[in-house]
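Asks: The residues making up each chain are set out below.
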Amino acid sequence: MSAAPQPAAPLLSVRDLHVTYRSQTGGVPAVRGVSFDLAAGETLGLAGESGCGKSTMAGALLRLLPRGTTVTGQVLLAGEDVLTMKPGRLRAVRWTEASIVFQGALHTLNPVHRIGRQMAEPIQVHDAAIGAREARRRIEELLEVVGLPARRADDYPHQLSGGQRQRVLIALALACNPRLLIADEPTTALDVMVQAQVLQLLEDLQKELGLAVIFITHDLSTLSSACRRLAIMYAGRIVEDGPSREVFREAAHPYTEALSAAFPIIGDPRFRMQPSGLGGDPPDPRQVPSGCPFHPRCPVAEPRCTTTDVELWPTGRPGHAAACVRVLDRGQS
Amino acid sequence: MTEALLETRDVHVSFPGRKGTVARAVDGVDLEVRAGEVLALVGESGCGKTTLARTILGLERPVRGEVRFRGAPLAYDNASLRRYRRQVQMVFQDPSGSLNPRQTIYEAVAEGLRIQKVEGDEAARVADALARAGLRPAERFMPLYPYEVSGGQRQRVVIAGAMVLQPELLVADEPVSSLDASVRGEILQLMLRLVQDTGVAILVVTHDLGLAWNIADRVAVMYLGRIVEQGTTEELLDDPRHPYTRALLSVVPEIERMTPQILQGEAPDPTRIPSGCRFHPRCPLVSSGETERLGIEARCVGDDPILHGVADAAAGSGHVAACHAVG
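Protein sequence lines, in the order shown, are assigned to chains A and B.
With the working numbering, letter number 28 in the first sequence gets 333, and the count goes up by one each step, no holes.
With the working numbering, letter number 133 in the second sequence gets 158, and the count goes up by one each step, no holes.
Be aware that a few hints might be false.
[As the list claims (entries may be wrong)] Partial pick of chain B residues on the chain A-facing surface, computed with a CB cut under 7 Å:
1) 174
2) 192
3) 232
4) 238
5) 263
6) 264
7) 276
[Unchecked claim] Below, in silico cross-link-like pairs of lysine to aspartate or glutamate (DMTMM-like), each with a Cα-Cα straight-line distance of 25 Å or less:
8) B:44 - A:459
9) A:512 - A:445
10) A:512 - A:342
11) A:512 - A:446
12) B:44 - A:460
13) A:512 - A:524
14) A:512 - A:490
15) A:391 - A:432
16) A:512 - B:279
Since the hints were derived computationally from the structure, they do not count as laboratory data.
All residues carry an ideal CB built from backbone N, CA and C; glycine is no exception.
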């Protein structure tokens with residue numbers, strides 16, 4: 306289960322990514338220095354409370370943020386920096402190298418066009434040589450990959466259920482054979498059983514197609530079973546990164562620990578009649594606390610936490626790092 | 026046996042569907058909520074759990090059967106319903122949607138007192154309700170508008186608004202599903218504390234079995250308009266018998282002792298409830314041939330099973346299931 310041996314160059318390499326939104330009252334720093342690597346075929350789960358910057362970061366990876374947003378750092382996708390690409394190249398990369406599935410399957414599809422027509426668009430835009438018949442064959446193949454009958458291509462979105470529409474969106478994202486799929490809350494609006502179906506599908510695709518997947522949700526328990534590796538974000542930064550079981554149940558960062566405890570283990574007496582939460586609210590990105598940004602909510606904060614800002618630091622366990630002074634102490638003792 | 030605070034007896038609720046069909050959203054439910062307990066009503070969307078909750082609140086009228094509160098059947102004239110709502114209050118899913126954005130928190134909490142024409146010191150009651158809901162000091166929150174507080178605090182305001190009337194039963198429909206995980210635990214702690222401090226009973230409607238493990242004394246599992254399994258939380262979640270409950274539990278990510286049993290298709294259509302056991306078209310015991318081996322397949326397809334006590338249940342667990350394969 307530990308991290309696979311790293312190949313020479315990762316598929317995705319994010320370096321010191323900063324994203325600042327423009328607002329009437331000045332800049333809002335939503336992502337404040339994120340760095341990580343993702344190998345081909347690797348699955349990374351990204352979790353954190355709303356407002357922690359996880360969706361902003363996902364949008365920045367493919368430059369899908371509102372005009373006027375400042376993005377700095379590097380996003381190397383197969384060695385090429387997405388942030389400095391020319392628009393034409395970016396358009397090509399967006400479907401053929403990496404694609405994204407957003408939450409809210411109900412609103413992303415155009416209600417007045419048949420599913421097949423909507424799927425044909427990216428296929429034909431990215432490969433002008435593909436004729437209508439060939440595109441149709443590809444669409445039917447894609448629908449079958451996501452477990453839908455090929456005849457669904459003739460349906461309108463309203464004829465499909467929520468789970469089926471989410472499958473169509475995944476099929477659409479796979480239309481141009483990307484190597485990286487970013488799934489932003491792909492199952493949040495779905496029922497438990499449908500959610501399990503979609504997760505199973507993502508897992509199969511990852512195995513069969515060797516896709517790398519970045520899976521974003523606030524639901525830590527889902528992530529820990531769907532992804533081998535888990536990264537936790539707080540106030541625009543990754544505060545813990547490591548093998549998912551370890552991060553989820555043996556967290557090194559007090560924030561991860563508090564977040565994990567909010568997901569009870571059914572049958573475990575420690576959680577019976579003992580709901581667990583975390584007091585306070587995530588910080589306003591315009592007024593991030595000094596030192597460790599988690600210190601005002603941290604149950605084990607010490608005086609030095611108000612002044613010491615710690616970066617991700619190895620915990621001593623393979624492939625596991627956390628941004629907390631206590632991890633730093635342990636490394637030095 | 027504790028006396029039932031609220032009881033539904035063979036309640037049926039239906040709605041007109043497309044092309045003259047009838048959706049039998051609630052299709053014969055007997056359920057009781059006892060004083061001071063937390064009962065979780067669990068199921069997928071479309072199973073009828075929200076319709077059942079609305080019926081318990083008097084917002085829908087059963088086409089058959091009745092809702093009884095403290096032994097008396099519900100009356101549906103305005104005056105009776107108003108009196109009833111003093112004792113039975115509702116907390117909805119989305120706190121932002123259930124608060125009026127142009128009303129201060131004080132006004133939002135005081136509204137119920139005014140509708141019910143409660144005598145006495147309004148400000149003191151509002152302050153007490155806010156403090157009990159964990160919004161302290163209450164005076165600081167009173168003049169604020171909903172947009173000035175966080176999502177978790179908004180849900181506390183909604184709970185304060187419900188609790189200010191000192192009801193005996195709180196019906197909470199997915200009270201934490203729109204909240205962040207970190208806030209969810211805090212709201213659940215609050216609900217447990219209210220039960221301990223005031224003796225209010227809570228019927229919590231949810232799809233989340235983890236929530237049931239966190240706060241519920243008993244769990245009732247609903248499928249296509251019916252309760253298919255019910256019992257104390259420990260008993261039901263440790264030893265589920267109905268294949269539907271087992272499947273629901275098996276897809277909870279944290280439960281590794283069970284092989285995920287992913288049911289195909291989505292919750293079926295209440296306008297076309299299958300014959301016999303309503304779960305049989307999706308039942309893993311049917312598709313695996315288990316029911317055929319047991320020689321009960323004809324019953325699964327032909328006879329509608331009723332809730333019966335399960336064999337070897339823990340004493341006092343009240344464990345019942347509606348399945349021909351469960352002894």
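Asks: State for each hint whether it applies.
Replies: Verification of the supplied hints:
1. 174: Interface hint status for residue 174 (chain B): violated (9 Å vs cutoff 7 Å).
2. 192: Where the cut-off is 7 Å and the nearest Cβ of chain A is about 21 Å from residue 192 (chain B), the hint is violated.
3. 232: Because about 6 Å separates residue 232 (chain B) from the closest Cβ in chain A, which is inside the 7 Å limit, the hint holds.
4. 238: The hint holds - residue 238 (chain B) has a Cβ within 7 Å of chain A, the shortest such distance being about 5 Å.
5. 263: holds (6 Å)
6. 264: violated (10 Å)
7. 276: Since the shortest Cβ distance to chain A is 4 Å, the answer is holds.
8. B:44 - A:459: Holds: residue 44 (chain B) and residue 459 (chain A) sit about 23 Å apart, inside 25 Å.
9. A:512 - A:445: Cα-Cα ~21 Å, so holds.
10. A:512 - A:342: Holds, because 19 Å separates the two Cα atoms, which is no more than 25 Å.
11. A:512 - A:446: Satisfied, since the Cα-Cα distance of roughly 17 Å is no more than 25 Å.
12. B:44 - A:460: With a Cα-Cα distance of about 20 Å, the restraint between residue 44 (chain B) and residue 460 (chain A) holds, given a limit of 25 Å.
13. A:512 - A:524: Holds: residue 512 (chain A) and residue 524 (chain A) sit about 22 Å apart, inside 25 Å.
14. A:512 - A:490: Roughly 20 Å between the alpha carbons, so the hint for residue 512 (chain A) and residue 490 (chain A) holds.
15. A:391 - A:432: holds (19 Å)
16. A:512 - B:279: holds (22 Å)
The earlier numbered hints that this structure contradicts are 1, 2, 6.
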